[in-house]
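**Student:** So the chains spell out like this:
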Amino acid sequence: EAQVTQNPRYLITVTGKKLTVTCSQNMNHEYMSWYRQDPGLGLRQIYYSMNVEVTDKGDVPEGYKVSRKEKRNFPLILESPSPNQTSLYFCASSLTARGVSDTQYFGPGTRLTVL
Amino acid sequence: QKEVEQNSGPLSVPEGAIASLNCTYSDRGSQSFFWYRQYSGKSPELIMFIYSNGDKEDGRFTAQLNKASQYVSLLIRDSQPSDSATYLCAVMNYGGATNKLIFGTGTLLAVQP
Chain Y
5 EAQVTQNPRY
15 LITVTGKKLT
25 VTCSQNMNHE
35 YMSWYRQDPG
45 LGLRQIYYSM
55 NVEVTDKGDV
65 PEGYKVSRKE
75 KRNFPLILES
85 PSPNQTSLYF
95 CASSLTARGV
105 SDTQYFGPGT
115 RLTVL
Chain V
29 QKEVEQNSGP
39 LSVPEGAIAS
49 LNCTYSDRGS
59 QSFFWYRQYS
69 GKSPELIMFI
79 YSNGDKEDGR
89 FTAQLNKASQ
99 YVSLLIRDSQ
109 PSDSATYLCA
119 VMNYGGATNK
129 LIFGTGTLLA
139 VQP
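Chains as they are written, first to last, in our numbering: chain Y, 5 to 119; chain V, 29 to 141.
Looking at chain Y on its own, in the form it has when it is part of the complex (with noise of 0.2 Å):
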C-alpha cells in the first residue's frame, strides 16, 4: 500500500529534550516537506526537500532540523523543544515539486506536546 508513515503518533515530552519525528515514504517520491498545524493558522510549512541530501527553509523553519540521506526518509529533529513548538505536525510527499498536478500525500501526524 502506497502510504507516507509517522512516528511517533503521540509523543509528550519536556522541555529542551531533544527528539526525532520520522517520516517514511514507499512512493519513490523525490518530494517531501514537513508542517506544523495550529488552530487558526493553518498549515505552514517548516522544511522541505527535493531529493536527496537537498533541504531548504519553509516559512517557520526556526528551532528545526531536518535530514535527507535516503529517498524514502525525511526525520524531523527538534534539538531544544519549547512550548511554542506544541503542535500537530505531518510529513507530506509528492513526486516532484515542479509539476502542475504534483499532489502532496500526507502521513497520518504526530501530536506534539512539550512541557
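It should be emphasised that the hints constitute simulated quantities derived from the structure, not laboratory data.
Built from N, CA and C at the ideal position, the CB exists for glycine as well.
Be careful, since some hints might not be right.
What the hints assert, rightly or not - Covered stretches of chain V (in silico footprint by chain Y; criterion: 3 or more residues with CB under 8 Å from a CB of chain Y, positions within the stretch not fixed):
{"#": "1", "segment": "37–43"}
{"#": "2", "segment": "93–104"}
Stated by the list, open to error - Derived BS3-like pairs: lysine-lysine, alpha-carbon spacing no greater than 25 Å straight-line:
{"#": "3", "chain 1": "Y", "residue 1": "75", "chain 2": "V", "residue 2": "128"}
{"#": "4", "chain 1": "Y", "residue 1": "69", "chain 2": "V", "residue 2": "84"}
{"#": "5", "chain 1": "V", "residue 1": "95", "chain 2": "Y", "residue 2": "61"}
{"#": "6", "chain 1": "V", "residue 1": "84", "chain 2": "V", "residue 2": "128"}
{"#": "7", "chain 1": "Y", "residue 1": "73", "chain 2": "Y", "residue 2": "21"}
{"#": "8", "chain 1": "V", "residue 1": "95", "chain 2": "V", "residue 2": "70"}
{"#": "9", "chain 1": "Y", "residue 1": "75", "chain 2": "Y", "residue 2": "22"}
{"#": "10", "chain 1": "V", "residue 1": "128", "chain 2": "Y", "residue 2": "73"}
{"#": "11", "chain 1": "V", "residue 1": "70", "chain 2": "V", "residue 2": "128"}
{"#": "12", "chain 1": "Y", "residue 1": "22", "chain 2": "Y", "residue 2": "73"}
{"#": "13", "chain 1": "Y", "residue 1": "69", "chain 2": "Y", "residue 2": "21"}
{"#": "14", "chain 1": "Y", "residue 1": "61", "chain 2": "Y", "residue 2": "73"}
{"#": "15", "chain 1": "Y", "residue 1": "61", "chain 2": "V", "residue 2": "128"}
{"#": "16", "chain 1": "Y", "residue 1": "61", "chain 2": "Y", "residue 2": "21"}
{"#": "17", "chain 1": "Y", "residue 1": "22", "chain 2": "Y", "residue 2": "61"}
Unchecked claim - Facing chain Y, a subset of chain V residues (Cβ under 10 Å, in silico):
{"#": "18", "residue": "128"}
{"#": "19", "residue": "131"}
{"#": "20", "residue": "133"}
With chain Y held as given, fit chain V onto it using these hints.
**Tutor:** Frame of chain Y, contents of chain V only:
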C-alpha cells in the same frame, strides 16, 4: 492580506443539500489549486485539483476555477453527514526550482441529518 483566504465557518447545510465552499488567493501567477478534506485530528486527504478555468467534476464534487477573479470553489452535491469535516484550499505557487503549496486555514462544514 493572506495568500489564501477561506471563511472559517462553520457552514451548516441540511443533508441532501448542495454545500458551496469558497476560496480566494492573492498570487495571480498561481496555476494549480487543490481541495483537501480533513477530519478532526486526522491528516488532510486530497479530494481533487484543478488548473484550468471552468468546472471539473468528480462524483458528487465539482471544483470551479476563475483565474480572472482569483477565486476557486468546491461544490458538494447531495451532502451527507459523513462530509462533515474541514475543507482546505491549497494553491500551488511557482518559483525557482520548486513549487510551494500554500494552504488556507480551512472551512468547517457541518451537514445536519
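**Student:** Each of the hints needs a verdict: does it hold here or not?
**Tutor:** Each hint, compared with the structure:
{"no.": "1", "hint": "37–43", "in the structure": "violated (count 0)"}
{"no.": "2", "hint": "93–104", "in the structure": "violated (count 0)"}
{"no.": "3", "hint": "Y/75 x V/128", "in the structure": "holds, 20 Å"}
{"no.": "4", "hint": "Y/69 x V/84", "in the structure": "violated, 39 Å"}
{"no.": "5", "hint": "V/95 x Y/61", "in the structure": "violated, 29 Å"}
{"no.": "6", "hint": "V/84 x V/128", "in the structure": "holds, 23 Å"}
{"no.": "7", "hint": "Y/73 x Y/21", "in the structure": "holds, 24 Å"}
{"no.": "8", "hint": "V/95 x V/70", "in the structure": "violated, 31 Å"}
{"no.": "9", "hint": "Y/75 x Y/22", "in the structure": "holds, 24 Å"}
{"no.": "10", "hint": "V/128 x Y/73", "in the structure": "holds, 22 Å"}
{"no.": "11", "hint": "V/70 x V/128", "in the structure": "holds, 22 Å"}
{"no.": "12", "hint": "Y/22 x Y/73", "in the structure": "holds, 20 Å"}
{"no.": "13", "hint": "Y/69 x Y/21", "in the structure": "holds, 14 Å"}
{"no.": "14", "hint": "Y/61 x Y/73", "in the structure": "holds, 17 Å"}
{"no.": "15", "hint": "Y/61 x V/128", "in the structure": "holds, 12 Å"}
{"no.": "16", "hint": "Y/61 x Y/21", "in the structure": "holds, 23 Å"}
{"no.": "17", "hint": "Y/22 x Y/61", "in the structure": "holds, 20 Å"}
{"no.": "18", "hint": "128", "in the structure": "holds, 7 Å"}
{"no.": "19", "hint": "131", "in the structure": "holds, 4 Å"}
{"no.": "20", "hint": "133", "in the structure": "holds, 4 Å"}
Of the hints listed earlier, those the structure fails to meet are numbers 1, 2, 4, 5 and 8, in rising order.
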